[in-house]
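Engineer: Here are the chains, one letter per residue:
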Amino acid sequence: MSQVRFAAVSKIFGGTPALTDLSLDVADGELLVLLGPSGCGKTTALRLLAGLEEVSSGAIYIDDVDVTALEPKDRDIAMVFQSYALYPHMTVRKNVEFPLKNAKLPAAELAARVNEALATVSLTELADRKPGQLSGGQRQRVALARAIVRRPRVFLMDEPLSNLDATLRQQTRADIVALQRRLGVTTVYVTHDQVEAMTMGHRIAVMKGGVLQQVGKPLDLYNEPANAFVAGFLGSPGMNLVAGELRQGQIFIGDDLVGTSSVSDTRDVTVGIRAESLEISPTGFAATVLVAEELGADVHVVCETATHERVVVRQPQHATVPQSGQSVTIAPTGKVYVFDRHSGERIS
Amino acid sequence: MSARASLVPGGSVFRRRRDGWLGLALVLPALIIFAGFTYYPFFKNFQMGLFKAAPFPNLPSHYVGTAQFTTMLGSADFLDSVKSTVIYALITVPLGVIGGLVMAVLAHQKLRGIRIFRTIFSSSVVSSAAVAAVVFQVILSPQTGYLQALGIHLPDITSSPTWGLPAMALVSAWQFVGLAFIILTAGLQSLPDEIMEASRVDGATAWTRLWRITFPLLSPTIFFCGVVGVIFSLQSFGQIDIMIGTSGATYTHTNVLIYAIYRLLHVSQNTGLAACYSIALFVITLLVTLIQFRLLERRVHYAH
Amino acid sequence: MPTKRLARTISRYLLLVVIAAIVVFPLYVLFSGSLMTLKEISSIPPQLIPLHPVWKSYSEAFNTGNLGQYLAVSLGQSALITVGQVVTSISAAFAFAYIAFPFKRILFALMLATSMIPFEVTVIANLQTVHSLHVDETMQGLVIPFLATGFGIFLMRQAFMQIPKEMHEAAIIDGYGPWKYLWRVAVPLARPSVAALAVFGFLGAWNQYLWPLLETGNNTSIQTIQMGIRQVGGTISTANLTLAAGVIATAPLLVLLVFFQKHLIRSLTAGAVK
Numbered sequence: 001m002s003q004v005r006f007a008a009v010s011k012i013f014g015g016t017p018a019l020t021d022l023s024l025d026v027a028d029g030e031l032l033v034l035l036g037p038s039g040c041g042k043t044t045a046l047r048l049l050a051g052l053e054e055v056s057s058g059a060i061y062i063d064d065v066d067v068t069a070l071e072p073k074d075r076d077i078a079m080v081f082q083s084y085a086l087y088p089h090m091t092v093r094k095n096v097e098f099p100l101k102n103a104k105l106p107a108a109e110l111a112a113r114v115n116e117a118l119a120t121v122s123l124t125e126l127a128d129r130k131p132g133q134l135s136g137g138q139r140q141r142v143a144l145a146r147a148i149v150r151r152p153r154v155f156l157m158d159e160p161l162s163n164l165d166a167t168l169r170q171q172t173r174a175d176i177v178a179l180q181r182r183l184g185v186t187t188v189y190v191t192h193d194q195v196e197a198m199t200m201g202h203r204i205a206v207m208k209g210g211v212l213q214q215v216g217k218p219l220d221l222y223n224e225p226a227n228a229f230v231a232g233f234l235g236s237p238g239m240n241l242v243a244g245e246l247r248q249g250q251i252f253i254g255d256d257l258v259g260t261s262s263v264s265d266t267r268d269v270t271v272g273i274r275a276e277s278l279e280i281s282p283t284g285f286a287a288t289v290l291v292a293e294e295l296g297a298d299v300h301v302v303c304e305t306a307t308h309e310r311v312v313v314r315q316p317q318h319a320t321v322p323q324s325g326q327s328v329t330i331a332p333t334g335k336v337y338v339f340d341r342h343s344g345e346r347i348s
Numbered sequence: 001m002s003a004r005a006s007l008v009p010g011g012s013v014f015r016r017r018r019d020g021w022l023g024l025a026l027v028l029p030a031l032i033i034f035a036g037f038t039y040y041p042f043f044k045n046f047q048m049g050l051f052k053a054a055p056f057p058n059l060p061s062h063y064v065g066t067a068q069f070t071t072m073l074g075s076a077d078f079l080d081s082v083k084s085t086v087i088y089a090l091i092t093v094p095l096g097v098i099g100g101l102v103m104a105v106l107a108h109q110k111l112r113g114i115r116i117f118r119t120i121f122s123s124s125v126v127s128s129a130a131v132a133a134v135v136f137q138v139i140l141s142p143q144t145g146y147l148q149a150l151g152i153h154l155p156d157i158t159s160s161p162t163w164g165l166p167a168m169a170l171v172s173a174w175q176f177v178g179l180a181f182i183i184l185t186a187g188l189q190s191l192p193d194e195i196m197e198a199s200r201v202d203g204a205t206a207w208t209r210l211w212r213i214t215f216p217l218l219s220p221t222i223f224f225c226g227v228v229g230v231i232f233s234l235q236s237f238g239q240i241d242i243m244i245g246t247s248g249a250t251y252t253h254t255n256v257l258i259y260a261i262y263r264l265l266h267v268s269q270n271t272g273l274a275a276c277y278s279i280a281l282f283v284i285t286l287l288v289t290l291i292q293f294r295l296l297e298r299r300v301h302y303a304h
Numbered sequence: 001m002p003t004k005r006l007a008r009t010i011s012r013y014l015l016l017v018v019i020a021a022i023v024v025f026p027l028y029v030l031f032s033g034s035l036m037t038l039k040e041i042s043s044i045p046p047q048l049i050p051l052h053p054v055w056k057s058y059s060e061a062f063n064t065g066n067l068g069q070y071l072a073v074s075l076g077q078s079a080l081i082t083v084g085q086v087v088t089s090i091s092a093a094f095a096f097a098y099i100a101f102p103f104k105r106i107l108f109a110l111m112l113a114t115s116m117i118p119f120e121v122t123v124i125a126n127l128q129t130v131h132s133l134h135v136d137e138t139m140q141g142l143v144i145p146f147l148a149t150g151f152g153i154f155l156m157r158q159a160f161m162q163i164p165k166e167m168h169e170a171a172i173i174d175g176y177g178p179w180k181y182l183w184r185v186a187v188p189l190a191r192p193s194v195a196a197l198a199v200f201g202f203l204g205a206w207n208q209y210l211w212p213l214l215e216t217g218n219n220t221s222i223q224t225i226q227m228g229i230r231q232v233g234g235t236i237s238t239a240n241l242t243l244a245a246g247v248i249a250t251a252p253l254l255v256l257l258v259f260f261q262k263h264l265i266r267s268l269t270a271g272a273v274k
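Residue numbers (my numbering), protein chains in the order written: chain A, 1 to 348; chain B, 1 to 304; chain C, 1 to 274.
In case anyone wonders, no lab produced these hints; they're calculated from the structure.
Treat each hint with caution, since some may be false.
[To be verified] Computed footprint of chain B on chain A; a stretch qualifies when at least three of its residues, placed anywhere within it, have a C-beta under 8 Å from a C-beta of chain B:
| hint | region |
| --- | --- |
| 1 | 5 to 12 |
| 2 | 187 to 193 |
| 3 | 283 to 292 |
[Said to hold, decoys possible] Ranges between beta-carbon positions, derived for each pair:
| hint | chain 1 | residue 1 | chain 2 | residue 2 | range |
| --- | --- | --- | --- | --- | --- |
| 4 | A | 265 | C | 3 | 52 to 60 Å |
| 5 | C | 22 | B | 155 | 21 to 29 Å |
| 6 | C | 43 | B | 35 | 31 to 39 Å |
| 7 | C | 259 | B | 86 | 37 to 45 Å |
All C-beta atoms in this analysis are idealised placements derived from N, C-alpha and C, irrespective of residue type, glycine included.
So that you can see chain A by itself, here it is in the shape it has in the complex:
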């Protein structure tokens, strides 16, 4: 039950900055997702929090205590690694016991806690097997049990679902969320999968190139992205981003007016519209249909504009599906976002 704070933390690996000036707060009991493409610094931030790497500058606090100089074992944290990192020569039970043995807990309490942790992840029958005899999903649960048994202040999770196949991933995702809500332990969760982020996190921190882009609740990030990167990263599909112009407060794609803005500027912009806020209609900007992906409940119509940019339009199942190669016009039905063409920052 703890707060975590990153205060202007930076990390440089031999001349290359992996993380630049990260300042972030994690509230007590919250599951915060660090989201971004590979190389964005999210794993670095997690490892710095764990104490597996030293910060180049800045400080990290857990419950207002400066832990920046502390060893991992003194930070009262538990970590689930991407590859689970189970000790192959020990049984499941011994794996889960290991952290408690290091803390020199009395035998009776140790046994009780281990049994409790094993029961929580439903591994009690497999307690005497070795990791080599378990399936991927089972190993992941052992890693979870080993983390839970410590009752730490903070859970750290490094892409724990990425080694599981798709169906198992969905199920385990829900299990982890339920577990976290039930135990109420502050959790920092790293992933590159925005679906995981949206469904699991209380808040999401989007990162790119070592810099924090935006942090907030999933829907807030979805509806009010701070820049083009966040807008394009969240959602499936991500927000459509097309080159356009702002002419005295009017938003144009090519020569077609698509909306108005409260900002009465004139400059080059990137126009962002979500797939569900577009429809194929008699008026709008021109595009050619590339392919119509029929997903069951919806249809994603992938089009290409005159400037060879991709636009996806979401249609409900019953609407007429255009043919490949057909020329269409697309009009917005909802919010139109404007981002500065060069900086990516949102204007309106």
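Given the structure of chain A, go ahead and fit chains B and C onto it with the hints provided.
Structural biologist: Using the frame of chain A, we list chains B and C on its own:
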């Protein structure tokens, strides 16, 4: 596309008829060498051992069947030789393996300039038996001050029945420690990083981590290193030849199997008995290797 | 606390230095002794640093010991053995890794089993063979028994098996036959292992003792540098010259080690250590 090559993993890639000829041709050179200079001589030992040498050189040996072998097994010379060999190995191997292990663990730290230390730790690998012998002669000699500075007063090892063998085993141990370091470092480097990190997060001190995680996971490599060490010590010849042989002193206390074979061959021209000793040497080597495999079987199945 | 961390780092380096000093001590004596006079070597307490390096010990050892000839022989012998081992190992290992041919399994087991038969066990008959082939007391006799090694075949096969499947699939699609694939793709990709094999091979060949001793008999023109040391060494009276000869015999290997140490370790890590 004419190549009907198989793309099955683990299966051979090239399966055509004439590829088979190429395969045999590629294997042939090594096969010839092994057949002529490894297998043939090995089996020839058994044949030679059936013949006992005549009391005078240049007279033909006569057939005695396995009697020579069985006599040897009971002879005092042979048993002394085996005893010396075993003691030699018992000094060389533990010293080498433990020394190599300590160095490997120390050199595994992420410190600046650790590469220099790694080179130094593996450096004994370059010294030949002859060079090592010559150097240790200087170090261990009563005429130089190296030992005396440490407060050790040894008599001349070439004439000392108690100290001759251990001294030579020490030389072998030093020679072996560099190789042991290389093998064990390779083993350490193949341990997954994430497991080590997990143990750090799980509260293990460096000491706990070493004993409860690193060593158990490293044990197959340690065994392998031990076997290499035993084979190395059984083959140690040059040190003895230079330190004792050239000085003209011949003491049975340093008559390890390999040296006994040499003397039988070179000095007494007793080929038949030398062949018997060679067979004994092989059996001992085989036993040690088999024991290692047995011990390994039990420990390997945890590694996925 | 920064000072605590500093103290810990210093103690770590200290331990490393102490152990390094112990391990490298004999080699140090080799080098320092070669530069001192006999009196300095035998001084009690021992003089550790050659204050007035006697460089002419090297030329003296070289000349009186006829080391030039021994070195040349060793160079030839080691080079031939190394090349032989590399070629036969690559060939056989490639066949085992990639080609289907009759008796493959048995042959592989046989080749690997040779590592269980120590050379010393075969010495007697090998001497006779070499004699009956009329190559005793020759360079050929020195070299031929060692032209193949089970360890080398094992090492190279491991290296070949680690080349990703996509490589050979691409090669096959490009129409490569096995021979072309071997030399154009497999060997270049397995270069670190080839280097390690060459270094191990050269090291082993250069340092051989028993076989050169027995095989060369009395023919000093074909004896290796190790025999040279045996000639020069033995007594303490010319210790400084003997040590100088030792340095001459060891220096080439040290150069090899400094450059290839990383490769040696890495090639073993690639699955060969079980």
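Engineer: Hint by hint, note whether the structure agrees.
Structural biologist: Quick rundown of the hints versus the structure:
1. 5 to 12: violated (count 0)
2. 187 to 193: Since 0 is below three, the answer is violated.
3. 283 to 292: violated (count 0)
4. A:265 with C:3: 52 to 60 Å: Hint holds: Cβ distance 57 Å, inside 52 to 60 Å.
5. C:22 with B:155: 21 to 29 Å: Because 24 Å falls inside the window, the suggested range holds.
6. C:43 with B:35: 31 to 39 Å: With a Cβ separation near 56 Å, residue 43 of chain C and residue 35 of chain B fall outside 31 to 39 Å, so the hint is violated.
7. C:259 with B:86: 37 to 45 Å: holds, 39 Å
Violated hints, in rising order: 1, 2, 3, 6; the structure is consistent with all others.
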